[in-house]
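Asker: Spelled out from the first residue to the last, the chains are:
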Amino acid sequence: MKFASEFRDPAAARALLSAVAAKAEAIGASRANPVRIMEICGGHTHSIFRYGLDKLIHEGVEFIHGPGCPVCVLPMARVDECVEIAERPGVIFTTFGDAMRVPGHRKSLMQAKADGADIRMVYSPLDALELARRNPDRQVVFFGLGFETTTPSTALSIQQAAREGVTNFSVFCNHITVPEPIRALLDDPDMLLDGFIGPGHVSMVIGIRPYDFIARDYGKPIVVAGFEPTDLLQSALMLLTQIAEGRAQVENQYARVVPEHGNPVSLAAIADVYERRPSFEWRGLGEIDASGLRIRARYAAFDAEEKFGIGYGAASRNHPETPGCACGQVMTGKLRPTGCPQFGTGCTPDKPLGALMVSSEGACAAYWQYAGARVAAQ
Amino acid sequence: MCLGIPGRIMAITDPERQMAMAEVSGVRREVNVACVAGSDLSALVGQWALIHVGFAMSIIDEEEAEKTLQALRDLGEAQETLDQIAASQEALQ
Ligand code: SF4
Chain A
210 MKFASEFRDP AAARALLSAV AAKAEAIGAS RANPVRIMEI CGGHTHSIFR YGLDKLIHEG
270 VEFIHGPGCP VCVLPMARVD ECVEIAERPG VIFTTFGDAM RVPGHRKSLM QAKADGADIR
330 MVYSPLDALE LARRNPDRQV VFFGLGFETT TPSTALSIQQ AAREGVTNFS VFCNHITVPE
390 PIRALLDDPD MLLDGFIGPG HVSMVIGIRP YDFIARDYGK PIVVAGFEPT DLLQSALMLL
450 TQIAEGRAQV ENQYARVVPE HGNPVSLAAI ADVYERRPSF EWRGLGEIDA SGLRIRARYA
510 AFDAEEKFGI GYGAASRNHP ETPGCACGQV MTGKLRPTGC PQFGTGCTPD KPLGALMVSS
570 EGACAAYWQY AGARVAAQ
Chain B
7 MCLGIPGRIM AITDPERQMA MAEVSGVRRE VNVACVAGSD LSALVGQWAL IHVGFAMSII
67 DEEEAEKTLQ ALRDLGEAQE TLDQIAASQE ALQ
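Heads up: the sequence lines are chains A and B, in that order.
The opening residue of the first sequence carries number 210 in this note's numbering; numbering runs sequentially from there.
The opening residue of the second sequence carries number 7 in this note's numbering; numbering runs sequentially from there.
In case anyone wonders, no lab produced these hints; they're calculated from the structure.
All figures in this text were calculated on a predicted structure; none of them were measured in a lab.
We put the beta carbon where it would ideally sit given N, CA and C, even for glycine.
Keep in mind that the hints are not guaranteed to be accurate.
Computed list of chain A residues with no C-beta within reach of chain B, every gap over 12 angstroms [unchecked claim]:
#: 1; residue: GLU293
#: 2; residue: GLU514
#: 3; residue: ILE519
According to the in silico footprint, chain A covers these stretches of chain B (three or more CB under 8 angstroms from chain A) [claimed, not checked]:
#: 4; region: 11-21
#: 5; region: 74-84
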């Protein structure tokens with residue numbers, strides 16, 4: 210690690226690293242008995258690996274990579290349902306590029322496109338809506354994917370389509386929420402986490418109060434953080450300080466972007482368009498109560514599940530996950546990516562077997578991209 | 007998809023739909039500003055915003071915009087987003 214050239218503010222990073230080390234020593238954290246901090250957001254995972262923070266930080270602090278990459282937790286059956294819609298005659302299926310290579314049981318969206326389905330990668334649901342305006346004789350479906358950061362964008366696009374009466378536009382909604390899987394992780398008796406680094410851009414939308422239960426009901430600290438390296442180090446320091454002082458609170462390291470109560474316009478649009486599903490399946494984690502959103506009946510005309518008769522759970526859920534894939538254990542922090550028997554052999558970013566290898570925010574892809582040399586040397 | 011990218015709002019293009027032209031790392035792209043709009047849309051012109059999948063989600067200051075952009079460049083996410091914006095333009099044809 211070329212420390213000085215990698216960090217724009219090497220002095221600040223050094224100072225934070227030594228402050229973290231001092232706190233870790235003070236609470237008796239060691240390699241054998243580390244403080245385990247889970248970063249929930251895939252953007253944080255990417256940043257930690259990019260800057261090698263996992264190696265630079267005191268050995269008594271261990272980063273556990275959480276389920277915060279929406280592509281990685283997308284269940285295979287949902288990919289199958291996307292392919293089914295995309296292969297219907299007359300459909301233009303639009304998606305963020307990230308989802309193209311996620312394996313389904315039959316094929317990925319990438320393979321479906323190669324087989325002739327009209328699948329287009331778009332940057333924004335607004336572009337899908339524009340496609341619908343330009344192609345009134347086609348059905349344009351947008352694959353609504355992601356956490357609370359992207360949820361407002363599809364909600365506002367549906368509201369816009371409704372105002373204009375663009376009835377050949379619909380959303381296949383797979384939006385998921387951040388707080389519920391954290392609760393599921395905390396309820397897991399095997400869970401060994403000591404604190405959380407909360408997602409920055411998700412919290413910009415929902416604020417920091419939805420995390421109160423983590424501190425109040427489970428006695429764990431959480432610090433919402435930006436994704437620059439010094440943000441992450443500072444939030445690690447804030448977590449260790451809470452632990453040292455015996456506190457468990459929700460703190461906001463990223464207040465320059467994250468308002469305590471979130472973004473009111475976004476929250477109103479989400480509430481208008483979406484309601485919670487009773488439960489939603491997360492790849493590797495199983496069904497989690499109230500963790501997914503669906504489109505309310507009043508916007509049924511823009512709901513691809515209604516339009517195409519492919520409701521949640523339409524594809525058979527009896528398919529097991531890929532044999533030998535350890536995504537679930539990696540995602541819950543029980544196994545490191547390198548502990549998966551498929552890592553680097555059956556599963557690489559070029560030929561992903563599991564979803565954690567698909568996106569640069571997935572823990573396995575991050576390990577592969579940045580820690581390949583380190584891993585090979587072990 | 008999950009990380010926003012800073013852009014500068016250059017002009018309001020469609021007040022009814024709350025759309026504005028933004029400049030993101032030298033690339034121009036129309037974005038929705040509903041989430042950051044106050045009563046006077048024109049007050050947004052010249053401001054920096056974090057833009058997520060075509061929606062301005064938070065007003066930030068210029069220094070924050072610069073730091074965020076640099077971090078996104080380090081992560082390779084800035085170029086990825088610009089590529090996605092360009093590819094999306096083609097997908098409309
Ligand atoms: S290496 Fe591949 S199969 Fe193994 S856990 Fe990671 S993504 Fe899943």
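Asker: Please verify that the nearest CB of chain B lies beyond 12 angstroms from A:ILE519's CB.
Answerer: For A:ILE519, whose nearest Cβ neighbour in chain B is about 23 angstroms away, the distance exceeds 12 angstroms, so it holds.
Asker: At a Cβ distance under 8 angstroms, does chain A reach at least three residues of the region 74-84 of chain B?
Answerer: With 7 residues close enough to chain A, the hint holds.
Asker: How does the region 11-21 of chain B fare against chain A when you require at least three residues with a CB closer than 8 angstroms, holds or violated?
Answerer: violated (count 0)
Asker: Run the C-beta distances from A:GLU514 to all of chain B and say if the shortest one exceeds 12 angstroms.
Answerer: 21 angstroms, holds
Asker: May I ask you to check that A:GLU293 keeps its beta-carbon over 12 angstroms from the closest beta-carbon of chain B?
Answerer: Correct as stated: the minimum Cβ-Cβ distance to chain B is 21 angstroms, above 12 angstroms.
When held up to the earlier numbered hints, the structure conflicts with hint 4 and nothing else.
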